[in-house]
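Please model the complete structure; the sequences and the hints are all you need to start from.
So the sequences go chain by chain: A and B. The first sequence maps to residues 1 to 376 in the working numbering. The second sequence maps to residues 1 to 376 in the working numbering.
It is worth saying that the hints were derived from the structure and are not from the lab. Zero decoy hints are in this set.
Which stretches of chain B does chain A cover? Using the computed rule of at least three CB atoms under 8 Å from a CB of chain A, they are:
1. 75-84
2. 271-277
3. 293-305
4. 313-321
5. 353-366
Beta-carbon label-pair distances, calculated as ranges:
6. B/Pro38 - A/Gly71: 22 to 30 Å
7. B/Ala346 - A/Ala100: 32 to 40 Å
8. A/Thr250 - B/Pro38: 56 to 64 Å
9. B/Thr340 - A/Gly71: 36 to 44 Å
10. B/Ala146 - A/Ala258: 57 to 65 Å
11. A/Gly163 - B/Arg85: 51 to 59 Å
12. B/Gly52 - A/Gly19: 41 to 49 Å
13. B/Ala227 - A/Ala258: 37 to 45 Å
14. A/Pro277 - B/Ala195: 23 to 31 Å
15. B/Asp105 - A/Pro150: 42 to 50 Å
Only part of the chain B face toward chain A is listed, based on derived beta-carbon distances under 10 Å:
16. Asp72
17. Glu116
18. Ala119
19. Gln120
20. Pro308
21. Leu309
22. Met310
23. Gly369
24. Val370
25. Pro371
26. Ile372
Bear in mind that the values here come from a model prediction, so they are computed numbers and not experimental data. Think of the CB as a built atom: it goes at the ideal place given N, C-alpha and C, for glycine as much as any other residue.
2 protein chains.
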Amino acid sequence: MSTLVTGIGELVTQDLALGTLTGAALVHDRGVICWVGPAASAPAADDRVDLGGRAVVPGFVDSHAHLVFAGDRSAEFAARMAGERYDGGGIASTVAATRAASDDDLRALLARRVAEMRAQGTTTVEIKSGYGLTVDDERRALALAAEVTPETTFLGAHVVPAGADRDAYVKLVAGEMLAACAPHARWVDVFCEPASPHAFDADEARTVLEAGRAAGLGLRVHGNQLAAGPGVVLAVDLGAASVDHCTHLTSADLDALAGGDTVATLLPGVEFSTRSPYPDARRLLDAGVSVALATDCNPGTCFSSSMPLMIALAVREMGMTPGEALWSATAGAAQALRRTDIGVIAPGMRADLTVLDAPSHLHLAYRPGVPIARAL
Amino acid sequence: MSTLVTGIGELVTQDLALGTLTGAALVHDRGVICWVGPAASAPAADDRVDLGGRAVVPGFVDSHAHLVFAGDRSAEFAARMAGERYDGGGIASTVAATRAASDDDLRALLARRVAEMRAQGTTTVEIKSGYGLTVDDERRALALAAEVTPETTFLGAHVVPAGADRDAYVKLVAGEMLAACAPHARWVDVFCEPASPHAFDADEARTVLEAGRAAGLGLRVHGNQLAAGPGVVLAVDLGAASVDHCTHLTSADLDALAGGDTVATLLPGVEFSTRSPYPDARRLLDAGVSVALATDCNPGTCFSSSMPLMIALAVREMGMTPGEALWSATAGAAQALRRTDIGVIAPGMRADLTVLDAPSHLHLAYRPGVPIARAL
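So, in structure tokens, the structure goes:
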């Protein structure tokens with residue numbers, strides 16, 4: 001069953017050959033785009049949708065989110081806004097609430113969060129474990145996440161659980177826990193942040209990532225969030241698909257990123273919600289680094305699921321143009337997931353389309369906070 | 001026809017006696033709240049709505065918006081984000097587009113914008129003229145605005161039209177234009193900003209405001225947006241209901257506000273969208289000044305209609321607690337409009353209620369960008 005989409009005010013394809021089109025139409029069939037071109041020469045289709053002049057962009061790709069959790073840390077947020085400092089320690093309260101929740105409770109929360117994202121234009125979301133921190137709880141989180149997305153990430157190395165022996169925990173993560181989780185995961189990730197007593201140093205991170213790679217998983221790293229550290233260089237060295245946060249970068253980090261094929265994923269909602277300085281996206285772009293934007297949606301440091309807000313923050317705070325920010329939220333984030341079937345609107349790509357209640361993509365930054373984006 | 005509302009997770013009344021309640025219910029009848037109290041002792045009603053644990057707050061009061069306009073300045077926005085400076089000059093392009101639009105075009109745009117606000121939890125909006133700048137175009141803007149809100153504001157003194165003689169224009173605004181507009185307006189306002197060549201100085205502003213007062217209108221002032229200036233002191237001196245922006249305040253301005261009964265209305269969406277320093281709400285609150293929050297929704301300096309984003313920015317950027325920010329977006333903004341029937345949930349008040357898809361009001365700042373608020 002094919003559908004012709006017309007009345008597209010602006011079509012941002014992110015395809016190098018097609019570019020950004022006005023007066024364009026497209027046809028999709030069984031979830032795949034089969035034609036893009038001038039509306040006047042559109043082929044026949046079984047069905048037709050007219051968008052009345054609205055802009056169409058690739059569905060947002062949220063390549064970093066922690067959606068398998070129970071409980072709420074709004075009180076911690078309010079305390080932080082009143083001056084308390086974040087060091088990753090609050091994760092323990094989410095771990096307790098998540099372990100206590102039933103499968104069905106977590107399933108309902110996940111479904112609600114994915115629907116909330118879709119209603120804001122996100123069509124692909126990566127989901128991490130990391131609030132279980134036992135073999136059974138991590139495996140359960142990934143099995144539940146795999147019900148709603150193929151982009152599942154094993155993050156047993158999120159924090160060292162309260163009271164655990166560090167070395168024993170790293171061994172567990174890289175051994176028995178990985179073995180239980182790998183069948184449900186596409187990726188392995190580590191919170192590499194020596195500045196936090198709860199997170200992992202470079203050697204610990206390397207142990208977990210190399211074990212994950214040996215188990216067939218792709219690599220991702222949380223790095224350089226709270227301070228400059230070894231995360232970025234480690235990620236590039238191991239060929240990780242993405243290193244996320246990149247808030248504090250040295251020139252050596254920048255050189256490593258520019259010379260490798262690891263995407264720098266920026267999460268400006270975290271800086272917004274922790275009142276921290278923003279990463280310097282302009283510096284990364286000017287050095288030729290591929291930059292992605294994602295929400296990091298999680299109950300502690302950024303409980304936003306809004307990719308449009310991330311785009312607006314990237315423009316306001318990080319020196320990106322509206323076009324660069326949109327690229328990073330679509331094609332760039334697809335690259336951060338090593339996906340070649342999403343993030344771009346072109347024949348053969350998935351028909352993941354987001355409609356803006358606006359005539360152009362500029363409105364994503366021009367109309368901050370206004371819910372103008374939705375998945376078609 | 002009375003309606004009982006139950007299943008309220010948290011009820012923020014903004015009423016000094018009632019406070020913030022859990023386990024509460026309320027009854028409204030023909031648009032007025034007639035009972036608030038513990039759910040267990042709720043009276044019978046004709047109808048019943050269960051909110052499933054969602055929080056309820058007073059409908060947001062957006063006390064500063066410029067909604068009667070045509071056209072789009074997204075390209076100007078993108079240029080400004082790339083480094084160009086704002087001095088109020090871009091208003092001319094909106095004036096041209098607005099004059100060229102038909103009544104029905106403007107009516108449709110207004111209806112769409114008010115609906116967009118309502119869908120985000122705003123139940124009262126003030127609407128200014130100011131994109132007509134001729135007797136007929138200003139009168140038309142106010143007549144159209146009066147179709148959708150009682151809070152209409154004559155802002156002929158928005159800018160001096162391109163090519164006009166300043167003195168002659170001020171005389172027109174305070175004379176013939178005011179006479180034509182006053183029947184459709186509740187308020188008169190002036191963009192008092194000597195730092196901008198397009199706006200008005202203290203003497204010009206006083207002339208317009210005193211004429212408006214003589215015509216029976218209440219007073220509002222745009223003041224101290226681009227630099228410290230005479231706007232705040234003038235507003236307090238004339239007993240204006242509100243002085244809006246207050247981005248650059250001297251200690252004399254602070255003293256004047258603390259000693260008067262003029263509300264300081266902060267518009268952080270403007271600072272967000274013009275990449276300017278934010279006003280210091282904490283300093284105002286600590287001095288005992290009543291602070292309101294509004295969007296300033298307009299095509300030039302802030303095309304956001306999102307009161308939740310203003311709350312989130314007030315918490316992130318201006319030192320307000322989530323509770324203070326919510327007060328300023330409801331009861332404080334009602335005070336800025338000298339309204340005693342809105343902004344508070346209590347018997348006798350209008351049943352303007354906003355429901356949050358969240359268990360508490362903290363989520364307005366904790367979940368930035370996520371559309372969790374809607375008018376009931």
